[in-house]
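Protein chains in written order, with the working numbering: chain A, 1 to 300; chain B, 1 to 449.
There could be a bad hint or two in this list.
[To be verified] The calculated label-pair distances, taken between Cβ atoms and stated as ranges, are:
hint, chain 1, residue 1, chain 2, residue 2, range
1, B, D153, A, G232, 57 to 63 Å
2, B, R350, A, V102, 48 to 54 Å
3, B, D311, A, P175, 36 to 42 Å
4, B, D418, A, D97, 39 to 45 Å
5, A, A105, B, S315, 51 to 57 Å
Hints were generated in silico from the structure; no laboratory data involved.
Glycine is no exception: its CB is placed at the ideal position from the N, C-alpha and C atoms.
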Amino acid sequence: MSIPTVDALDALESESIHVFREVAGEFDRPVILFSGGKDSTLLVHLAVKAFAPAPVPFPLLHVDTGHNYPEVIEFRDALVAKLGLRLEVAHVQDWIDDGRLVERADGTRNPLQTVPLLDSIVEKKFDAVFGGGRRDEERARAKERVMSLRDAFGRWDPRKQRPELWNLYNGRHAPGEHVRVFPISNWTELDVWRYIQREGIELPSIYYAHQREVFRRDGMWLAEGPWGGPRGDETLERRTVRYRTVGDGSCTGAVESTATTLDEVIAEVTASRLTERGATRADDRLSEAAMEDRKREGYF
Amino acid sequence: MGENTRDLLRFATAGSVDDGKSTLVGRLLYDTKSVLADQIEAVQRASVDKGLTTPDLSLLVDGLRAEREQGITIDVAYRYFGTPTREFVLADTPGHVQYTRNTVTGASTAELAVLLVDARNGVVEQTRRHAAVLALLRVPRLVLAINKIDLVDYDQAVLEAIAKDFAGLARSLGFADDAVVTIPVSALVGDNVVERSPHTPWYEGPTLLGHLESVPVTGPEADAPFRLPVQYVIRPRTAADARSADASRWGDLHDYRGYAGQVASGTVRPGDEVVVLPGGHRTTVASVETADGPLAAAAAGRSVTILLTDDIDLSRGDVIAAADAPPRVTDELDATLCWLAEKPLRPGARLLLKHGTRTTQVIVGDLRDRLDTDTFALEQPAELAINDIGRVALRTADPLPVDDYADIRATGGFLLIDPPTGNTLAAGLVGDPLVLVDLPSRAPSTPGP
Chain A
1 MSIPTVDALD
11 ALESESIHVF
21 REVAGEFDRP
31 VILFSGGKDS
41 TLLVHLAVKA
51 FAPAPVPFPL
61 LHVDTGHNYP
71 EVIEFRDALV
81 AKLGLRLEVA
91 HVQDWIDDGR
101 LVERADGTRN
111 PLQTVPLLDS
121 IVEKKFDAVF
131 GGGRRDEERA
141 RAKERVMSLR
151 DAFGRWDPRK
161 QRPELWNLYN
171 GRHAPGEHVR
181 VFPISNWTEL
191 DVWRYIQREG
201 IELPSIYYAH
211 QREVFRRDGM
221 WLAEGPWGGP
231 RGDETLERRT
241 VRYRTVGDGS
251 CTGAVESTAT
261 TLDEVIAEVT
271 ASRLTERGAT
281 RADDRLSEAA
291 MEDRKREGYF
Chain B
1 MGENTRDLLR
11 FATAGSVDDG
21 KSTLVGRLLY
31 DTKSVLADQI
41 EAVQRASVDK
51 GLTTPDLSLL
61 VDGLRAEREQ
71 GITIDVAYRY
81 FGTPTREFVL
91 ADTPGHVQYT
101 RNTVTGASTA
111 ELAVLLVDAR
121 NGVVEQTRRH
131 AAVLALLRVP
141 RLVLAINKID
151 LVDYDQAVLE
161 AIAKDFAGLA
171 RSLGFADDAV
181 VTIPVSALVG
191 DNVVERSPHT
201 PWYEGPTLLG
211 HLESVPVTGP
221 EADAPFRLPV
231 QYVIRPRTAA
241 DARSADASRW
251 GDLHDYRGYA
261 GQVASGTVRP
271 GDEVVVLPGG
281 HRTTVASVET
291 ADGPLAAAAA
301 GRSVTILLTD
311 DIDLSRGDVI
321 AAADAPPRVT
331 DELDATLCWL
341 AEKPLRPGAR
351 LLLKHGTRTT
361 QVIVGDLRDR
371 LDTDTFALEQ
381 PAELAINDIG
391 RVALRTADPL
401 PVDDYADIRA
411 TGGFLLIDPP
421 TGNTLAAGLV
431 GDPLVLVDLP
441 SRAPSTPGP
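Throw the hints in and build the complete structure from the sequences for me.
Below you can see the structure in the form of C-alpha cells.
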C-alpha cells in the first residue's frame with residue numbers, strides 16, 4: 001500500500017480529479033476537448049483516474065484544423081482505441097468548404113477553430129466542455145475560473161465571472177449556455193512534465209527531439225506542410241527540434257533541442273528562459289491582448 | 001517521487017490601493033526566477049514606454065486590457081512560482097473594487113494570507129477591513145508585510161509601532177499571536193522579500209519567501225474529524241466496462257460500488273467506523289481506493305474512492321463522516337454571509353444553497369445583524385448590500401450535515417445561488433466564525449430560531 005504524502009503533484013492531481021467528478025455529478029453532456037497535445041492527454045489521463053475502474057463517462061472532441069502532424073493524429077487514434085473512448089472530430093475544412101468560414105490570408109487556422117467548436121457544442125448539446133488551459137500560460141488565463149460560464153454565443157465576459165469559493169464550483173447555466181471547465185488550471189508547465197514522467201504518460205513523438213525540415217519565420221522554426229512552406233528568402237533546413245505545444249501547424253513553432261528523453265525535456269523546461277506560448281505560438285503574438293480577445297469570442 | 005517531492009502552499013495577498021502589492025508579487029516572481037525572458041522583455045518595453053528607468057515589476061502581474069486601460073485590477077489573479085522545496089499557488093486579490101468579494105474568494109482556499117500596509121501610513125481602514133475578512137474566513141496564518149520601508153529610512157521605531165498596532169487588531173479578531181508574523185519589506189528595492197536587507201540589521205525574523213517556505217502547508221482540517229461529501233458513485237456496469245479499465249488489476253467488478261469524493265477533513269483508513277448522513281446509516285470503511293491502488297490512509301485534500309462493508313443506499317450529496325464525531329444534521333442554520341452580488345438580500349428571499357456536493361432550496365429568515373467593518377460594530381440591517389457581512393437565519397428544504405465553519409471550513413462553508421440567473425450571490429459560513437475579543441459591542445451568538 002502506498003503512503004499518503006502532501007506532495008504538490010498529489011495535491012494537484014486530487015484537485016483535478018475533484019473537478020472531473022463534480023462535472024460528472026452535475027452535468028448531462030460533458031465533453032473533453034482533445035488535440036493529442038500534452039495538456040489534453042494529461043486531461044484524459046486524469047479523467048481515467050477519476051472514474052476508475054469504470055470508464056470515462058464523457059466523449060472527446062477534437063476541433064481539427066487539418067494542419068496536423070501525422071504523428072499526433074496516429075497518437076490520438078491509438079489512445080482513443082486503447083482506452084475505449086468515443087472521439088468526435090469537427091473538421092475546420094468542412095466549415096471552409098461550405099462557406100461558413102473563410103481561410104485567412106496568413107493561412108493560420110488556429111483562430112478558425114472557434115466557430116466549429118461553438119457549432120459542435122450547440123449541435124451535440126454539450127453543457128460542460130473540458131479544456132487543458134492553465135493559468136500560468138498567459139495573463140488573460142491567470143484570471144480564468146476553473147468553471148467558467150459562456151453565454152449562448154460562447155463569449156467569456158471577465159467582468160461577469162462568478163466568484164469561485166473554496167472547492168464549491170457553481171456550474172449552473174441556462175439552456176443554450178455552457179460551462180468551460182479547466183481541471184488543470186493550477187498546474188504549471190513544469191508540473192505537467194513532472195507528472196507525465198511520474199505517471200509514465202505516453203506523448204506524441206514530436207515532443208521529443210527529432211530531425212525535421214524547418215524554416216525560420218518571426219524567430220520560430222516552422223515546418224513545411226499543407227498550410228504552406230517557406231516564402232521569399234526563407235529556406236528549408238534540417239534541424240534537431242522538438243515541440244513544446246501542439247497546435248495548428250501553420251503557427252506552432254518547434255524549438256531547437258536535443259532533449260530526447262523526459263529527463264532531458266524536464267531539464268530543458270526548468271532552464272528555459274521563454275514561456276511555452278511566447279516561444280512557439282504565433283497566434284499569441286497577433287496582438288498584446290491576443291489571447292484575451294480570442295477567449296472573449298469563445299476560444300478555449 | 002522520493003527526493004523530488006515538493007509540497008504545495010496556497011496563499012493569498014491582500015492590501016489597499018497603492019500599498020505596492022503588484023510590485024511585491026512581481027518581486028516574488030522575479031526574485032524566485034519564475035519570470036521568463038519574454039515576460040521580462042515585455043515588461044522592460046512597457047516600462048520604457050512609460051518613461052521609467054527601471055523595470056516596473058508591477059507590470060508582470062498586469063492582467064486584462066480593461067485593467068491596463070484603467071490602471072486597476074478587477075479580479076483575483078492566480079500566480080505560480082516555486083523554489084526547490086515548495087510550490088506556491090498565489091491568489092492575488094485586488095484592493096479596492098469589490099474588495100470583499102475578491103478577498104473572500106482569495107482567502108477561501110488560502111492557508112496563509114499576506115496583508116500589505118504602507119510603512120508611511122501604517123494600519124488604515126482598509127487594513128482593518130481586510131483583516132476582518134481574513135479572520136472571518138479563518139485563514140490560519142497571517143503575514144503583515146510592512147512595505148516601502150525604504151521610504152521611512154528603515155526606521156525601526158516606525159515599524160515597531162505599526163507591528164504593535166496590528167498585533168492588537170489581530171488579537172481582537174481572534175488570531176493567535178503565533179499565527180501572525182510581521183516582516184518589514186521594500187518590494188521596490190527587494191528588501192527582505194527574497195533577499196535579506198542590509199538596511200534592517202535590527203530585524204531578526206525571516207524574509208517573506210523564507211517564511212512562506214517554512215510554514216506548515218496544512219490547515220486545521222488535517223486534525224479535524226473525517227468528512228467526505230460523496231461526489232459520484234462509481235459502478236462499472238458491464239464486463240466490457242471492466243475490460244476497458246484494465247480488469248486484471250481490479251478483479252471481479254460485478255458488485256463494485258465506490259463512493260468517489262475528496263477528503264474534506266481528517267483522515268480515513270480501512271476499518272474506520274463511519275456514518276452516512278443525512279440518512280444516518282452506520283457502517284465500516286472496507287477500502288480507500290485510488291486508480292493506483294488502495295491506500296493505508298487518505299488525508300484531507302486527497303481524492304479517493306471509498307468502499308463500504310455494507311450495501312447501503314448512498315448517492316451524490318451524502319456525507320460520509322467519522323461515526324464518533326459526526327456533523328450535525330439540520331434544516332435550520334444560523335450563518336454568516338458575505339454578500340457578493342449587486343442585488344441586495346432581503347428577508348424572505350428564496351434561493352439555492354450549495355453545501356458540499358448537495359444543492360437545495362433555502363428560504364432566508366431574519367437578518368440578525370450587519371458587521372460594520374470599520375468600527376466592528378453591529379447594526380440592525382433592513383437588507384444586505386454588496387460587500388456586506390451579516391448574520392442571517394436560513395431554512396433549507398433538505399436537511400444538511402454541517403459543521404460550524406470555525407471548526408471545519410470545508411463542511412461549514414456554502415454558496416447561495418440566485419435561481420433565475422444561476423449567479424453566486426454569497427459566501428456562507430455556518431455559525432459565527434468571527435470571534436471578536438475585547439469588543440463589547442459584539443452581541444453573543446444566539447441559538448437558532
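Hint-by-hint comparison with the structure:
Taken as a hint, the range 57 to 63 Å holds for the pair D153(B) and G232(A), whose Cβ atoms sit roughly 60 Å apart. Evaluation of the 48 to 54 Å hint for R350(B) and V102(A) yields a pass: the beta carbon distance comes to about 49 Å. D311(B) and P175(A) have their C-beta atoms about 37 Å apart, which keeps the hinted 36 to 42 Å range intact. The beta-carbon spacing between D418(B) and D97(A), approximately 44 Å, falls within the hinted interval of 39 to 45 Å.
Separated by about 55 Å at the C-beta atoms, A105(A) and S315(B) satisfy the suggested range of 51 to 57 Å.
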